[in-house]
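**Student:** If you want the building blocks of each chain, they are given just below.
There are 2 protein chains.
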Amino acid sequence: MSTLDEALEAAASSGDAVHPGVRRARAWLSRAVEPGTVDLWRYVEDVGPVEAVRCLRSGAAPAGVRALVGTRVEQESSLADLRLAERCGARLVVPEDDEWPAYRLHALTLAAVDEPLDRRSQTDRTRALVPPTALWVRGAARLDEVVERSVGVVGSRAATAYGEHVAGELGHQLGQRGWTVVSGGAFGIDGAAHRGALAAGAPTVAVLSCGVDRPYPAGNSALFHRIAETGLLVSEWPPGCAPLRHRFLVRNRLIAALTRGTVVVEAAARSGAQATALRAQKLGRPVLVVPGPVTSALSVGCHELLRDEQLGARLVTSAAQVVEAVGSIGSDLAAPVERPASPRDGLSDLAIRVLDACPVRTGVAPERLAAVAGCEVLEVLRVLPALELAELVQWTGTGWRLAPRAGRPGAAP
Amino acid sequence: MSTLDEALEAAASSGDAVHPGVRRARAWLSRAVEPGTVDLWRYVEDVGPVEAVRCLRSGAAPAGVRALVGTRVEQESSLADLRLAERCGARLVVPEDDEWPAYRLHALTLAAVDEPLDRRSQTDRTRALVPPTALWVRGAARLDEVVERSVGVVGSRAATAYGEHVAGELGHQLGQRGWTVVSGGAFGIDGAAHRGALAAGAPTVAVLSCGVDRPYPAGNSALFHRIAETGLLVSEWPPGCAPLRHRFLVRNRLIAALTRGTVVVEAAARSGAQATALRAQKLGRPVLVVPGPVTSALSVGCHELLRDEQLGARLVTSAAQVVEAVGSIGSDLAAPVERPASPRDGLSDLAIRVLDACPVRTGVAPERLAAVAGCEVLEVLRVLPALELAELVQWTGTGWRLAPRAGRPGAAP
Numbered sequence: 000m001s002t003l004d005e006a007l008e009a010a011a012s013s014g015d016a017v018h019p020g021v022r023r024a025r026a027w028l029s030r031a032v033e034p035g036t037v038d039l040w041r042y043v044e045d046v047g048p049v050e051a052v053r054c055l056r057s058g059a060a061p062a063g064v065r066a067l068v069g070t071r072v073e074q075e076s077s078l079a080d081l082r083l084a085e086r087c088g089a090r091l092v093v094p095e096d097d098e099w100p101a102y103r104l105h106a107l108t109l110a111a112v113d114e115p116l117d118r119r120s121q122t123d124r125t126r127a128l129v130p131p132t133a134l135w136v137r138g139a140a141r142l143d144e145v146v147e148r149s150v151g152v153v154g155s156r157a158a159t160a161y162g163e164h165v166a167g168e169l170g171h172q173l174g175q176r177g178w179t180v181v182s183g184g185a186f187g188i189d190g191a192a193h194r195g196a197l198a199a200g201a202p203t204v205a206v207l208s209c210g211v212d213r214p215y216p217a218g219n220s221a222l223f224h225r226i227a228e229t230g231l232l233v234s235e236w237p238p239g240c241a242p243l244r245h246r247f248l249v250r251n252r253l254i255a256a257l258t259r260g261t262v263v264v265e266a267a268a269r270s271g272a273q274a275t276a277l278r279a280q281k282l283g284r285p286v287l288v289v290p291g292p293v294t295s296a297l298s299v300g301c302h303e304l305l306r307d308e309q310l311g312a313r314l315v316t317s318a319a320q321v322v323e324a325v326g327s328i329g330s331d332l333a334a335p336v337e338r339p340a341s342p343r344d345g346l347s348d349l350a351i352r353v354l355d356a357c358p359v360r361t362g363v364a365p366e367r368l369a370a371v372a373g374c375e376v377l378e379v380l381r382v383l384p385a386l387e388l389a390e391l392v393q394w395t396g397t398g399w400r401l402a403p404r405a406g407r408p409g410a411a412p
Numbered sequence: 000m001s002t003l004d005e006a007l008e009a010a011a012s013s014g015d016a017v018h019p020g021v022r023r024a025r026a027w028l029s030r031a032v033e034p035g036t037v038d039l040w041r042y043v044e045d046v047g048p049v050e051a052v053r054c055l056r057s058g059a060a061p062a063g064v065r066a067l068v069g070t071r072v073e074q075e076s077s078l079a080d081l082r083l084a085e086r087c088g089a090r091l092v093v094p095e096d097d098e099w100p101a102y103r104l105h106a107l108t109l110a111a112v113d114e115p116l117d118r119r120s121q122t123d124r125t126r127a128l129v130p131p132t133a134l135w136v137r138g139a140a141r142l143d144e145v146v147e148r149s150v151g152v153v154g155s156r157a158a159t160a161y162g163e164h165v166a167g168e169l170g171h172q173l174g175q176r177g178w179t180v181v182s183g184g185a186f187g188i189d190g191a192a193h194r195g196a197l198a199a200g201a202p203t204v205a206v207l208s209c210g211v212d213r214p215y216p217a218g219n220s221a222l223f224h225r226i227a228e229t230g231l232l233v234s235e236w237p238p239g240c241a242p243l244r245h246r247f248l249v250r251n252r253l254i255a256a257l258t259r260g261t262v263v264v265e266a267a268a269r270s271g272a273q274a275t276a277l278r279a280q281k282l283g284r285p286v287l288v289v290p291g292p293v294t295s296a297l298s299v300g301c302h303e304l305l306r307d308e309q310l311g312a313r314l315v316t317s318a319a320q321v322v323e324a325v326g327s328i329g330s331d332l333a334a335p336v337e338r339p340a341s342p343r344d345g346l347s348d349l350a351i352r353v354l355d356a357c358p359v360r361t362g363v364a365p366e367r368l369a370a371v372a373g374c375e376v377l378e379v380l381r382v383l384p385a386l387e388l389a390e391l392v393q394w395t396g397t398g399w400r401l402a403p404r405a406g407r408p409g410a411a412p
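The listed protein sequences derive, respectively, from chains A and B. Counting in numbering that gives the first Met the number 0, the first sequence runs from 0 upward without gaps. Counting in numbering that gives the first Met the number 0, the second sequence runs from 0 upward without gaps.
Keep in mind that the hints were calculated from the coordinates and are not lab data. Every residue, glycine too, gets a C-beta built ideally from N, C-alpha and C. Hints may be right or wrong, so weigh each one.
[Stated by the list, open to error] If you only want the chain A side, here are some residues facing chain B, beta carbon under 10 Å, derived:
{"id": "1", "residue": "Glu33"}
{"id": "2", "residue": "Ala59"}
{"id": "3", "residue": "Pro61"}
{"id": "4", "residue": "Glu147"}
{"id": "5", "residue": "Ile351"}
{"id": "6", "residue": "Gly373"}
[To be verified] Restraint-style ranges between C-beta atoms, simulated for each label pair:
{"id": "7", "chain 1": "A", "residue 1": "Arg306", "chain 2": "B", "residue 2": "Pro403", "range": "34 to 44 Å"}
{"id": "8", "chain 1": "A", "residue 1": "Gly177", "chain 2": "B", "residue 2": "Gly311", "range": "50 to 60 Å"}
{"id": "9", "chain 1": "A", "residue 1": "Arg126", "chain 2": "B", "residue 2": "Pro403", "range": "20 to 30 Å"}
{"id": "10", "chain 1": "A", "residue 1": "Arg306", "chain 2": "B", "residue 2": "Ala139", "range": "31 to 41 Å"}
{"id": "11", "chain 1": "A", "residue 1": "Glu308", "chain 2": "B", "residue 2": "Ala59", "range": "53 to 63 Å"}
{"id": "12", "chain 1": "A", "residue 1": "Glu147", "chain 2": "B", "residue 2": "Asp123", "range": "22 to 32 Å"}
{"id": "13", "chain 1": "A", "residue 1": "Glu366", "chain 2": "B", "residue 2": "Arg118", "range": "16 to 26 Å"}
{"id": "14", "chain 1": "B", "residue 1": "Thr294", "chain 2": "A", "residue 2": "Glu366", "range": "25 to 35 Å"}
{"id": "15", "chain 1": "A", "residue 1": "Ser1", "chain 2": "B", "residue 2": "Pro384", "range": "40 to 50 Å"}
{"id": "16", "chain 1": "A", "residue 1": "Ser1", "chain 2": "B", "residue 2": "Leu377", "range": "26 to 36 Å"}
{"id": "17", "chain 1": "B", "residue 1": "Ala221", "chain 2": "A", "residue 2": "Arg126", "range": "33 to 43 Å"}
{"id": "18", "chain 1": "B", "residue 1": "Thr294", "chain 2": "A", "residue 2": "Arg306", "range": "17 to 27 Å"}
{"id": "19", "chain 1": "A", "residue 1": "Arg306", "chain 2": "B", "residue 2": "Pro384", "range": "34 to 44 Å"}
{"id": "20", "chain 1": "B", "residue 1": "Ala9", "chain 2": "A", "residue 2": "Ala364", "range": "49 to 59 Å"}
[As the list claims (entries may be wrong)] Which stretches of chain A does chain B cover? Using the computed rule of at least three CB atoms under 8 Å from a CB of chain B, they are:
{"id": "21", "segment": "103-113"}
{"id": "22", "segment": "118-125"}
{"id": "23", "segment": "136-146"}
{"id": "24", "segment": "194-205"}
{"id": "25", "segment": "284-293"}
Could you put the whole structure together from the sequences, leaning on the hints where they help?
**Tutor:** This is the structure in C-alpha cells:
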C-alpha cells in the first residue's frame, strides 16, 4: 500500500484521469473540506484533484484555499476511508468515473461558475449551489443510471399520518411507473417515500448528511439496508462522519440537483424541505407541492411555497401529475381528473328548462311545462322526445313528469 | 290599484325614472323571462323597461325577444308579486334605484355587451354573464352598501367537518374585519360561512335561486331569518319561484359579480363552486381557493382550480390572506406566516460549523473543535465568545460543549 504522497506522485506521472491516485486525492479532499465550498471546488477544477491535494499539503496552495482546510490539513486517512467504505459495500464515485452523474449535476456547475470571486459576496455555504467533489455511494445500483429518471420527495420528519400516507402512495406509484424516488432517509416523509418505492420493487436513493457506513437515523437501519440492496445510499461525507446539523442544509442541494424535480409532501414553516424546494427552483427544476389541510401546521410550509408567485411551484395531488411535470413532454401526460358524467351534459338551455319544469310525481301537460320553462308549447313538444329517450322524463298517461332518479328540483349541480 | 297597463301608461307619460310603473314593469319582466338572457337584457336597455313590457304584451316587440317570453306573456302577477314581497319584508330593487349596486355589476354589463348578436354564437344562458334586470331583496341592509366590501365564499353542500370548520372560521374572521360574506345559503360550506359571519355580528348576504319569500333549503330557515335581520336575502326570481336546478348555475354569476373576489372552500370535481370561480375570473375578480387533503374527494375541485394555470387562482389559508387579495392595496396586507425564530439565525457559516462540532456531554479543546469544524484554532477562539453569549455553548472547566437545549447533532432543521 502506497502512502498518499506516493499515490499522488504516481497519478501525476501517469496522467491517467482514472488513476487510483485520483480517487485517493478526492477521498482526502472529501474529508479535508466541508462540501459546498465554492473556492475549493474552483481550485480543484483549476489544477486538478491530484495537484490540489499536493499543493494543500505542501503549503503551496493559495492562502485563501489553505484557510478552508485549516487544521484538517494534518489529517490523512484517505486510504483508511476507502477501506472503511469497501468493508460496508461502498465506493467513492469521482467526476472522472463513467458512473458520475455529470448530466444531472451540470446545473450545479453552472451555478457555481456564477458565484462571485470575492468571498464576502458569495452565497452562504449552506445555500450555495456547488457541485460535490466526490460521492460516497453504497448499494447495488449504478449512480448515473439510477438518478436518470428520478424525483426528489421531501418533507417533514414529524409527519402526520396523512403526510406519510401520501408520501408512501407517491413513492409506490412513482416506483411502479419506473421513476426513482430520491430522498433523505429521515423519519417521516422521507422514510415513507423510500418504503413506498421499495414496496413497488423499484430502486430508491437516500442522500445522507453523514457517512454511508453509519446512516442516520439508526432507527431506519433496516430501511437503509433494503435501500442498498437495489438502490443507493449517497453521501458527500466520508465514512464515520456524523450528521451535523449544518450538513443537512448542504446535503439538500444534492437531492434537488440529482433529480428532475422535487415534490414537497408535508413541511412546516421554516423547514428543510422548503430549502430543498428553493434549491430545485434555482437549478431550474420543477418544484411540486402536495397541499394539505390549512388547519395543519405541517402543511403551512407547503402552502407558503404554493403562494409564492416568484417560485412558480405547482400543486400536485398524484404521482401521475408529478410524472407529467417532470417527465418528457408528450410521453408522460397525466389523465385528467375523472368527472362523473351526467345525463344532463349536452342538453340545450331549452331542454334543461323543460326538464326542470317537470314535476316529480303528477304528470303535467306540455302547456304547463311551457309556462314554467318560459317558452312556446311547440318548443316543449320538440325537446320532450329527446328527454324521454335519455330517460330523464316519462309520460304518465295524463302528463309528463321526471323519470325516477332524474335530476330533482333543488339539487344544485 | 292600477292595472299593469295603467301603471305603464302613467310611467311613460311621467318620464320619471323611478316612477312606480317602472318597478311594475321590471317585476313583470322578472317573472316573464328567465334571468341570464342577453337578448332580453339588451332589449330592455334599448327601449327601457316600460316600453319593453308594453311591446312584449302588445306583440310589437321583435319576434326573437317575444320568443324568449313564450307563453308567460299571458301571465300578469306583477302587483301580486310586489305585494307578496312586501308581506315578507322584501322589496324589488331596480337599476333605476340609488340602492342598485351599479358599480359592482358593471363588469356584467361589459361582458353582456361583448356577447355576439347571433343567438347561436352566444354563451349558454347558464354561463352567460348578463346583468340582472331587477333584484328581489329581503332584509335590513341596503344592497349597494352591504356588497361594497364583500367576498363570495362558496363550496360544496356535502362538505366535510374540515370544510365547514374552515368556512366558518373564514366567515367569522372576514366579518370581524368588516367584510360581508356573500354566499348561496345552501347546506355545507355556504351555511357555515354565513353562520361564521353572523357570529361575528357582521351582515351577510345569501344570493338565492328561488323566491326570497320561501328561501331554499327549508332546513336553513332559521339561518335565513337571522341573515335577513342584519343582511340580505337576494334573488333574481320573484316570490314563490322554486329553486329549479338550472337556476343555481345562473345564480352563481351574481355571487361572483356582487363581490370583490370569490373563495372556494371545498369543491368536488364538476361542482357549482368551480363554476362560480370561473365566473369570477371572467369578471376579472380574484379567485381564491382553500386547499385540503389530496385524499379528500371534496378538495379535488379546489386542487383542479389551483392547478389550472390559465385561471390564475390563488391559494389562501386564512381570512387575512383573502383580505390581502381582495382588499385595497396597502391597507389590507396579511401578516407573513409566523416562523419560529432560532438562535442559530444570523450565525456565520464558521460559527455554525464550530457549534455543530461541539459535543453534547464532554467538553473538548478548541484544537479539537477546529479539526472537526475544518478551520484554524484562532477562528474557533474568535467565534466561541459569541456562541457562549447566545447560550449555545458552555465551558465545562475542561473544554467546550453544547449548552443544554442548543442544537443537537442530527436534528435536521
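**Student:** Which hints, by number, does the structure contradict?
**Tutor:** 2, 3, 4, 8, 12, 14, 17, 20, 21, 23 and 24
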